[in-house]
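Participant: Chains as they are written, first to last, in our numbering: chain A, -16 to 561; chain B, 23 to 572.
Hints are supplied without guarantee of correctness; some may be wrong.
Output of the computed footprint for chain A on chain B, the stretches with three or more beta carbons under 8 Å from beta carbons of chain A [unchecked claim]:
#, stretch
1, 115 to 127
2, 444 to 458
3, 501 to 511
Some residues of chain A that are not near chain B, with every Cβ distance over 10 Å (derived) [said to hold, decoys possible]:
#, residue
4, S(-1)
5, G91
6, W170
7, A239
8, D334
9, E507
Hints listed in this document are in silico derivations from the structure and should not be mistaken for laboratory results.
Using N, Cα and C, we set each Cβ at its ideal position, and we do this for glycine too.
Here is how the chains run, residue by residue.
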Amino acid sequence: MAERVGPLATLAPWLSLMGRRRGRLLGGAALMALAIAAALGLLALSGWFITATGLAGIALAAGGALTLDVYVPGGGIRAFALTRTVARYLERLYNHDTVLRLLADLRGRMFAILAGLDAATLAHRRASDWLNRLTTDIDTLDSLFLRLLAPAGVALVAILGLGTFLALWFPAVGLAVVGLLGGAWLWLTLGQARLGLAASRRRVAELERLRGVAVEGLQGLAELEAYGTLATQRRRLTAIEARLQADQRRLGLAAALGSALAGLAVGLAWLATFWLGALAWQAGALSGPVMVMMPLAVLALNEAVAALPLAFTQAGATLAAAQRLNALRDARRAASSAAPARLPEGPLAVDLAGISLRYPGALAPVFEDFSLHLAAGERLGLHGASGAGKSSLAALLTGQLVPDAGAVRLADTSLARLTPDSLTARVACLTQLTELFDDSLAANLRLADPDADEARLWSVLATVELADWAEGLSRELETRVGEGGRRLSGGQARRLALARLLLRDPGLVILDEPFAGLDPALAERIAGRLDRWLAGRSVLYLVHGREGETSPPGVSRWQALATPSRRELGVPARNLSG
Amino acid sequence: MTARAWLARLTRRERGRLGLAVVCGLAAGALTLAQLSLLAWLVAALLVEGRPLADLAPAFAGLAALIMVRALAQWGQETAGLAASLRLRRRARAELLDHLARLGPVGLTGHHSASLANRLVDQVEALDGYVARFLPQRNLALALPLLVVVVVAWLDWLAALFLLLSAPLIPLFMALVGMGAQRLNQQQFDAVARLSRHFIDRVRGIATLQLFGRTADATREVQAVADDYRRRSLRTLRLAFLSSAVLEFFAAVAIAVVAIYVGFGLLGYITFGPADELTLFSGLLVLLFAPEFFQPLRSLAQHYHDRAAALGAAEGMVALLDETPRRPVGAVAAPDAAGVLAELEAVTVVHPERGRVLGPLDLVLARGEILALSGPSGAGKSTLLQLLAGFVAPESGKRRLARDASFAWMDQRPLLIHGSLADNLRLAAPEADAAALHRALSAVGLGELIATLPAGLETRLGERGAGLSGGQAQRLALARIFLSRAELVLLDEPTASMDAASEAAVLEALGALAAEGRTLVIASHQSAPLAIADRHLRLRDGLLAEVDHG
């Protein structure tokens, strides 16, 4: 949050996203307004009717004649009663449909934004609670329409509409209603939002902190207990909870104040209407039934404003959610300005010169003035301890990280000049962390090539010795792998990721710990088959370098990634590999 | 313990505040009825009795006063409910925290810490609406309609009958609304969870999607899944909303029926029953009271989903509270022989699902020795450490520990809190001064690194130690052990997934610890840590075998 942006500017991108469904939103708001108008009409007309019949009854009893048409108002009352119910039902259904459509839009847009983030941003926000918050933020935003904009808009229309209607009978009454309730509307929406802004903004962060400290305490329970500092940890937790509750109390009190004020404003408005109406009646400007009808109509407005204070007191949470999502959008990779270049067919040469890279918040840089050369078709093995920068190097070459200084060139073309699509088409990378999706085996494989036929899928599975296993499954290629591939063993998941890579036709292959978690005999056999696929491509092996590991085939040159003395200064524990 | 019983026990302690909320709610309801009565009386006084407006000014002033007092009562209801909810949530959270501490590190191994944190934070928060709004409203929904019917019956028993006719339907409404809300809540909850899972699954793998150039397809897919969810959930919503529509319908129809009945009664068209006694005052009042009969029920229906959410959350929490700790209770005996720090005699440890995981075995741990434990994963190394620490109770046999023997613990994932380096070190010794912190850091070979940091000990660590490498995090945890006075140091895989340089640094630090006269028990499947041990025991299927040092 470098600069303070106005609430409108914060919400602008999301409002414009909603604007695409303008028709539906207006339709939903119109249904809401119809339901409120019907409720208002029902009470007002009933009051008018009873007063009129009461007065007519007195006149009849005094021997007068009946001049009152009872059937039109009777029909009107029934019509209002039915309209209110039907409009309310349709409104809820229609608006939920709209909100769910908005949700789909928001998710899609959010995902597109995330897909544009670079690895550094993604890496330090990897934790699943951050993702959960992201979904919560989207849910918070999708209620922007249903809880804030629509009710406030409809309430304002109802106040102005009723004021105009009453002014037709007696202008002073209309003015009083618009003046009193218009002012109340301003307070109940903008005033309440301002009252709760700071606390409701903070609340999400406080919940987050509480969750964070709770996780720390739970994961470190053994140490805390050993050192007898459980109580200290508990005090930290309680202190955060106390801050959270102080804000919740503040918000609750503000909302209670708002609800009471809403009731008070509507009460005083109908009382003023009644008094002014009675004055007009006394002066002969209004009939008795109309005098009764007016305050009852105002009384029914309660339904339109009652829910506003609670929603608007929490408006800060919506703003904060929008702000976080906006910040994410701003972190998007800058598009290259130069004319896009294309990578040639065949093996690619790699050149890194004077690379510096430091993760935000890390104690020491990963690379400082780092250079590396790989000739086209060469197979270079890089070994280094965990955290020496192997995964960062892979991310630099795949364009997921941009160095702070220095240049990355593939086949003499700067990476900055390549579009993401042309880069991914020619560079394939097996990341250290096996990432599988909660989908079928086939779908996970086809990530690499959507058009691959079944025969090709079986053939790459055979290469990694998974074909026999897959054939034994009742659903074969349609077997789902579970969340993050959890239904597979670590070794199977690794081999599936390797098989996925084999469906591609890259000029540069980066293999980050390709055989991690595989038993040596199996790894040797797979390595042998891999050799053929690697022919005619440049290859970069990234390995831990400990003895006893399967050596990838055909490495022509080995190089240590970093000098231990500098590495000692420290590198981030969790970079790309999570 | 059922979720309902637990919630009932918690709410019982908030009876006072919840009672206050109900009283305020009743007062607000009664004041509303009083306002409407005064309104009807004023109308009759003006229109029927023809009294001048000036004479009635005090009544108008009284009405204004009623409106203000009613606003106050409404404020009271909400704030009392808020106070009850805040206190109840604090207590529920404290109860969970106490229980988690009782379960201890071993009791928590079956749970994901994120899901436990979710219970501690989000599920406790889910009780809010139920306590603050639903519970008071449930009482009001019974009392206020009753009050309305009594007053209406006094004015016109036939009109009261109209309202009462719908009264037997009220439990039906409630059931309908309740069922609707519950079904809505469950199905919606499941569907939302599925949707979120899909979204999170794709977001987690976003780097892979980028590598394969498939982000555009995935975006379309995310949108399509959300849209499919919309179509399916609308089918449920159509039914679920119907139940509250029924309530709305009856409320609207009751007003219409009462209005028409009163109107025709006032005209003298209705010749039976009490209709001919209706006056403008009583007729208007009956009309104004009719919506108030349904209003409390409509409010309750709005809060019904709070109840479903609270019950769902309570079930999760009660399941946790029902877990029983498996750790030793009572005082621990001291070993007989001098120079012995800890002693295990014919101990066995039984896991509720996996059966016996350790023992029977005997172990005597002398003061100052370094004991290494090796063995394949699953052989019981960690269990033996947990047993020594007292995190798990032996099923049979004896565990003896020297009096005042404090212990320190370090495993593969050291605790790193979001705070400064100093905060992290002081977890072991809250009152340690800066010099002591520096000494401890030097002992584990982190002194030079800290000296290069501009903020020194006040350097802040990111979430879960972001900014530190795995080896550095491990050494920070070791520095804590140096700060502590712990005599017995229990280490579970202290050098796992560490590069050779870091491993050497850690082993050197361990040697320094032993030189201070502390007793070390190191469980590891790697060879290097075993080399610094005085004694090496190998575990196989929960049984011990001594290994000769060659």
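Participant: Against each hint, give a clear statement of whether it holds in the structure.
Facilitator: Do the hints match the structure? See the list:
1. 115 to 127: Since 6 is at least three, the answer is holds.
2. 444 to 458: holds (count 4)
3. 501 to 511: With 3 residues in contact (Cβ-Cβ under 8 Å with chain A), the coverage given for the stretch 501 to 511 of chain B holds.
4. S(-1): holds (17 Å)
5. G91: violated (4 Å)
6. W170: holds (14 Å)
7. A239: Its Cβ does come within 10 Å of chain B, the nearest being 4 Å, so this is violated.
8. D334: Per Cβ check, D334 of chain A is outside 10 Å of chain B; nearest 21 Å; holds.
9. E507: holds (23 Å)
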